Amino acid sequence: MTLLKTYNKDFSSKNKPPVVSVIGISKKFPGSIALDSVDFTILEGEIHALLGENGAGKSTLVKILYGIYVPDRGEIYIRGRKARINSPKEAIRQGIVMVSQVPQLIDKLTVAENLILGLEKYGFITRVGKVRYFIREKSREVGIEVDPDTEVWKLSYTQKQLVELLRALLLNAKVLLLDEAITFLPLIEKKKFYKFIRDFASKGGSVLLITHKIYEALEVADRITVLRLGRVVGTVPRSKVSPDDVRKMMFAERSSQVTYERLPISTPRESAALEISDLWVMGDHGDHAVRGVSLTLRAGEVMGIAGIAGNGQKELIQAIVGLRRVEKGRIRLYSEDITNRSVSKVRIRGVGYIPDQPAKYGLSLENSIEENLAMLPSLTNRLINWGSIRDLARKLIKEFNIMTPSPKTPVKFLSGGNIMKVLVSRELLVARRLLVAYNPTRALDEVTAIMVRKFIKEKASTEGIGVLVASEDLDEILQISDRIAVMNSGRVVGVFSSSEVVRDEIEKLMVM
Amino acid sequence: MDAASYVLSVAPAFMAYYLTSLGQGFFEKSGVLNLSIDGVFVLGIAVAYAASIYSCSPWVGLAAAVLTAVIFGILLTYVTTKFPVSHGAVGLSIMFLGYGLAGLVGVAARNTYNEMVVSGIYPQFTLPVTPIAKVLMFAIPAGLGILLYLLEVRTKLGAAVRAVGEDPHAATSLGIDVLRVRLIAAALGYSLIGAGSAGFLTWVATWSEGTGINHGWIAYAVSLAAGRHPLLTVGTAGAFAILATYMYTLQAAYNLSPEIAKMIPFIVAIGAMVTFMSTPLRKKLAPPQSLGKRFFKEERTV
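These protein sequence lines are chains E and L, in that order.
So in numbering that gives the first Met the number 0, spot 220 of the first sequence is number 219, and the numbers just go up one at a time.
So in numbering that gives the first Met the number 0, spot 76 of the second sequence is number 75, and the numbers just go up one at a time.
Hint data in this document are derived by calculation from the structure and do not stem from the laboratory.
Keep in mind it's a predicted model, so treat the numbers as computed, not measured.
Ideal Cβ placement from N, Cα and C applies to all residues, glycine included.
Keep in mind that a hint or two might mislead.
As the list claims (entries may be wrong) - Facing chain E, from chain L, some residues (calculated, C-beta under 10 angstroms):
1) Asp1
2) Ala3
3) Ser4
4) His168
5) Pro287
As the list claims (entries may be wrong) - With a cut-off of at most 27 angstroms between alpha-carbon atoms, the simulated DSSO-like pairs for lysine-lysine come out as follows:
6) Lys159(E) to Lys189(E)
7) Lys282(L) to Lys153(E)
8) Lys397(E) to Lys407(E)
9) Lys407(E) to Lys292(L)
To be verified - Which bits of chain E does chain L cover? Going by a derived footprint, with three or more residues having C-beta under 8 angstroms, they are:
10) 125-131
11) 288-294
Please work from the sequences and hints to get the whole structure.
Set out below in structure tokens:
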């Protein structure tokens, strides 16, 4: 507390006026309290990071500021005047614009059509073509290259986020809410975003950066507010805190569990869990995303696939589990050919799969945790034993600290991080022979991410399953892998054992 | 009958099917599943009939049918967007309500009509069917179709309607008022459905209880078989209009039983939809992703 008082004194000396203040904000969801009397202020021209573990209430607070949720209690002040923000439209009028982790753009519409929707000065009968020039001008001004007539589905994730930023500028945003908007970007793109938001703040704009990544907050923010279990733990200036201080605020006594040391090497067995030979797989845009990949993964071994997003890792993983067609080459699971087998046939053979988009490929959001367990053929027979499924759900909830009112709560009511925990815990359970994962901990906070890595490693070494983990987070790859394969342009450009690996060399291969 | 007469005979049926399916397609692009169409179509016919008789003007009948359809469209849209209720259940309820009200309105008007006929007054309840009027029955709907197409693909309103149909949560986030846009889509779409029902009355030129039943569904099929595309719908509406107009000729020519003849439009409807689904257009003109999905503004999303 003394520490926090010092900090409060410190930033009260700064003379930046508050732009947005929330006082006593509370919000309940069925069975859970997302926010409990939260007080919080964003100053003019500052980058303010909002940190917290999964389910701390960060996204709920931002959605209240953007008018998606209406708070049960509390008040919002904008430049000292009480405001009632009951829709994003109203938030935009007040100069508040949100960019989320999942781009909120309409895929089938063009960039120009998406961007005109929020521009109130254009009436409903305005031709979309009228804003084309305006968009081109503005995008040139901020160095974002985008064709207004491109349909959004043709854009990469990074390009979509850039369009979202462009949208904020077109809307003349004064306060930019970035809800994990940078988290999923490749490192090089992240740096560009950091520059963008620094420029934005230097011109008097305010940024609220929501993240569960401590280093991200420390890299760009002026002040950091930490939320835990829906309450504000404290607000501190970046210059006065170390990562450990912030970690303690986020996780309290659990912060000691955070470590980035390499996990003990497992002992691979003789048998090959997965053999991939000369594999060719098509990407989303009609060209080969995987080009002649050959890899052998031993039982009991963890192999990490390092690479910048979009170099064929996702397609490789999807081909293994049967989600994407193999054009050429073979995939063998414990010597059995599983090339182009259906997902259910692959999964029933004891293959666990952790995708990085749980809502799309991992879970049914409308269903409960129990139902999401029961729908897996490897966990149920033709008749479901709900008693044992319920016990299993309770066990996973406890083991992975999943914040949910009950095992019967629909998954859609959980926070993003907790949804990921449901998926990871289930897949670790069903992976009897092989686990394939793509960015398995990207949405998780540090404590949970490290816990998951330990679980994966332990499973490989004690149960002897093969584990193939593709991740854009090199720290994760270095911490978990016994061997590391680097992918670039759809090819494996290097394989290293963890004892001989040099980080610089991997980074060079990733970008060459 | 010369070739031109054969073509012109199709005009009233074309007008009825094309306008109705045009309205249906545009409205459904906003993401509201419209199962009320047949009931509203049948009610529109009865209202057009009644209003024409009471006012002695088919134009008043047309206006009344449009207004009635719009009221029901707004009701369906408001209930399904404001509250998390099933689009299917509300739509079907309105459909049955439409059937019931059609009987109530139509029978009373028919009695009045009979009394007027006894008194020597023959009120005209159909739109004019002169050759020029029939040409206009092709031209005006086709013109409206082109206008609607331009509205859909060129204007902010068109983008907004497609946006709320694809992803109402994302559309809200982009600054769109989902309810407002859907209500506008309902007003436009249902006014066309109402006009289509008045056109149907012109085609059949008589009213009895149940007039128009199932033709709303045919219009739905016309819209689906063209992927809800305003211009492609001209083709499917034209094909069904020819089939419907010359059904009795076909029946006589091939000596079909009336039961079989009655089934033909529905068999063709299934065939048309299957054919559409087997072409590449199926992907290009895919239905709105959120069609028929309940919309909660406060739903927690990842």
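Practice task
Closer than 10 angstroms between Cβ atoms is the bar; does Pro287(L) clear it against chain E? Give me holds or violated.
Solution key: OK, holds: Pro287(L) within 10 angstroms of chain E, min 9 angstroms.
Problem - Holds or violated: Lys407(E) to Lys292(L), with C-alpha atoms at most 27 angstroms apart - result: With Cα atoms ~22 angstroms apart, Lys407(E) and Lys292(L) stay inside 27 angstroms; holds.
Exercise for the section: Examine the region 125-131 of chain E for residues whose CB is less than 8 angstroms from any CB of chain L, and state whether their number is three or more. Expected result: Contact hint for the region 125-131 of chain E vs chain L: holds, 4 residues under 8 angstroms.
Exercise for the section: Given the hint that Lys282(L) pairs with Lys153(E), test it: the Cα-Cα distance must not exceed 27 angstroms. Expected result: Within the cut-off at roughly 15 angstroms; holds.
Practice task
Would you check the hint for Lys159(E) and Lys189(E), treating anything up to 27 angstroms between C-alpha atoms as holding?
Solution key: holds, 14 angstroms
Exercise for the section: Compare the distance between the alpha carbons of Lys397(E) and Lys407(E) with 27 angstroms, and conclude whether the hinted pair is satisfied. Expected result: holds, 15 angstroms
Exercise for the section: Quick one: see if chain L covers the region 288-294 of chain E, three-plus residues with Cβ-Cβ under 8 angstroms. Expected result: violated (count 0)
Problem - Status of the hint placing His168(L) at chain E (closest C-beta pair under 10 angstroms) - result: holds, 7 angstroms
Problem - Ala3(L) as chain E interface residue, shortest Cβ-Cβ below 10 angstroms - result: Since chain E brings no Cβ nearer than about 38 angstroms to Ala3(L), farther than 10 angstroms, the hint is violated.
Exercise for the section: Report holds or violated for the interface hint on Asp1(L), using the least CB-CB distance to chain E and a cut-off of 10 angstroms. Expected result: Hint on Asp1(L): violated, closest Cβ of chain E at ~43 angstroms, above 10 angstroms.
Practice task
Closer than 10 angstroms between Cβ atoms is the bar; does Ser4(L) clear it against chain E? Give me holds or violated.
Solution key: Violated. Min distance 40 angstroms.
Against the hints set out earlier in the document, violations occur for numbers 1, 2, 3, 11.
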